[in-house]
Amino acid sequence: MDIQIIKEDAPKPYQDLVSQISDTFVFGQARAVMAVHSYLIETYWKIGQYIVEYEQQGKEKAVYGSALLESLSRDLKSLHGKGFSRSNLNYMRLLYIRYPICEMLSHKLSWSHYFELLKIDDGLERSFYEQQTQLENWSVAELKRQKDSALFLRLALSKEKEKVLELAKHGQIVKSPEDVVKDLYVFDFLKIPEPYNVSETELEARLIDNLQSFLLELGKGFTFVGRQYRMMLNNTPYRVDLVFYHRILRCFVLIDLKIKEVKHNDIGQMNMYMGYFDKEENTESDNPPIGIILSKEKDELLVEYATYGMNSQLFVSKYQLYLPTKEELERLMNHQLKSEE
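Position 94 (the sequence shown) corresponds to 1462 in this note's numbering; numbering is contiguous.
In short, the hints are calculated from the structure, not lab data.
Yeah, the Cβ is synthetic: ideal placement off N, Cα and C, and Gly gets one too.
Take these hints with a grain of salt, some might be off.
Stated by the list, open to error - Here are the simulated distance ranges between beta carbons:
{"hint": "1", "residue 1": "GLN1425", "residue 2": "GLU1668", "range": "55 to 63 Å"}
{"hint": "2", "residue 1": "GLN1383", "residue 2": "LYS1664", "range": "51 to 59 Å"}
{"hint": "3", "residue 1": "THR1591", "residue 2": "PRO1381", "range": "30 to 38 Å"}
{"hint": "4", "residue 1": "THR1392", "residue 2": "GLN1637", "range": "50 to 58 Å"}
Required output: the full structure, derived from the provided sequences and hints.
Shown next as structure tokens:
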């Protein structure tokens, strides 16, 4: 069906009527899709309940044993066609086991989202990704990417035990500058082959070329302002590698990239950039800027001494070009949590 544009000379009340009907239709479509997702997930949860309760009867479990899902798959596919693979039935079973109360399931997420969430064994980690998917309206592909990059573990590394539990329960709620900064950023989406040898300029260019993925890695609320943002001090030009604006915190976020270990003068330079933006770029409604130095290597002691008495909104974080080892991140987080007990 051809789409027709409303004539410009059409009466205003008529244009308003068309807009009202159009908005209502789009909203109704969205609700219909959500309703379909909701009913489908409830159906799969009920199927999972039937399977688990059947297994728990004892005799039948002994008769069928581990072949139960295989038998069910064969018989149900003959009745209803595809959709009842052994894998799908196993995840329906898991859905009931991990969400024993149906009301715990979110109507905002699709079965494809839950299919990915059910692959996570740890309850805290699964809860975080479930909440964060809803908060940031992640697609299934975005959810998979954030899982693969171990976002939960990277955020949890810099938090105390109580904060980790809060993170798992509610997702990443942005209230302060600390909430938008990670200890470790992952730029695997740049697909730079090993062994790599890129300059700061090339790394910066690649990040801008992959801006959508970069914004996803930065997190909710970032909007891009500019690259190589120019400023003049005492007739001397300076440039910030990347400038963003955070619409939730209402402040500029300045990012400098370092391909080697961060030095004390890099920290002093960022502090100067932040001072400039606070005095020269901010409006009355803007909050003080945040500065982030992204470095390949980071000496914690040097950073501690170099930032002594300095602006608390200046952060030094590490980045890597490849996905982190999840096991190593888990060991680091578990060690940190145990040390607090």
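Take a look at whether the Cβ-Cβ distance between THR1591 and PRO1381 falls inside 30 to 38 Å. holds (37 Å)
Are THR1392 and GLN1637 spaced within 50 to 58 Å by their CB atoms? holds (54 Å)
Satisfaction of the hinted span 55 to 63 Å by the C-beta atoms belonging to GLN1425 and GLU1668: This hint holds: roughly 57 Å between Cβ atoms.
Is 51 to 59 Å a correct range for the gap between the Cβ atoms of GLN1383 and LYS1664? Once the Cβ atoms are compared, 56 Å apart, the range 51 to 59 Å for LYS1664 and GLN1383 holds.
In this structure, every one of the numbered hints holds.
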